[in-house]
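The sequence shown begins at 1 in this note's numbering and counts up one residue at a time.
Some hints could be false.
DSS-like cross-link-like pairs, simulated, lysine-lysine; straight-line CA separation at most 27 Å [said to hold, decoys possible]:
| id | residue 1 | residue 2 |
| --- | --- | --- |
| 1 | K136 | K30 |
| 2 | K133 | K93 |
| 3 | K136 | K6 |
| 4 | K136 | K15 |
| 5 | K15 | K30 |
| 6 | K136 | K93 |
| 7 | K93 | K6 |
| 8 | K15 | K133 |
| 9 | K6 | K133 |
Please keep in mind that the hints were generated in silico from the structure rather than gathered at the bench. All values derive from a computational prediction rather than experimental measurement.
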Amino acid sequence: MITGLKFISSQTHSKRGQWIQRLLDDSLDKNSANLHDMNLTPHATALLGEAVNSFCGGNWVATIILVQAVLDVELATNEFLDGAYVNELRTGKNFVWLRNRRNRLLHADISIHSITEADIFDDDRNLEIEARKSLKLVITGLTRLTF
Numbered sequence: 001m002i003t004g005l006k007f008i009s010s011q012t013h014s015k016r017g018q019w020i021q022r023l024l025d026d027s028l029d030k031n032s033a034n035l036h037d038m039n040l041t042p043h044a045t046a047l048l049g050e051a052v053n054s055f056c057g058g059n060w061v062a063t064i065i066l067v068q069a070v071l072d073v074e075l076a077t078n079e080f081l082d083g084a085y086v087n088e089l090r091t092g093k094n095f096v097w098l099r100n101r102r103n104r105l106l107h108a109d110i111s112i113h114s115i116t117e118a119d120i121f122d123d124d125r126n127l128e129i130e131a132r133k134s135l136k137l138v139i140t141g142l143t144r145l146t147f
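Put together the whole structure using the sequences plus the hints.
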């Protein structure tokens, strides 16, 4: 039998979705904004949608990994971005944190503790905080590109 599956109540799922909606609305200064309002590339929009679904489902590690992928895709493929701002997104303290965190989650390194199934369950609250931070960084960071 598979163990470790998370049960998320519809109320919890809805509360998380409302948090993202407020974040998106505030970032775009628009009521009832959607991901397409961010004017990202289709690839980045699709990955961000998956990140949002992962977040609402309480899948924190997947959220962090997907959010960094959104940033990578958008910066690599959107030819209309301002170079100075792209540099800020790539080298800013919080964005470096996100990239490093994603790398620690994905890549095994004998000198650094790799994430385990036990870590995912024992550190759920901290992982949720990191997932929220990741989404906030990318949504607020990439919505600045629409202005």
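Results of checking the hints against the structure:
no., hint, result
1, K136 to K30, "holds (16 Å)"
2, K133 to K93, "holds (13 Å)"
3, K136 to K6, "holds (23 Å)"
4, K136 to K15, "holds (16 Å)"
5, K15 to K30, "holds (19 Å)"
6, K136 to K93, "holds (14 Å)"
7, K93 to K6, "violated (32 Å)"
8, K15 to K133, "holds (16 Å)"
9, K6 to K133, "holds (21 Å)"
Of the hints listed earlier, the one the structure fails to meet is number 7.
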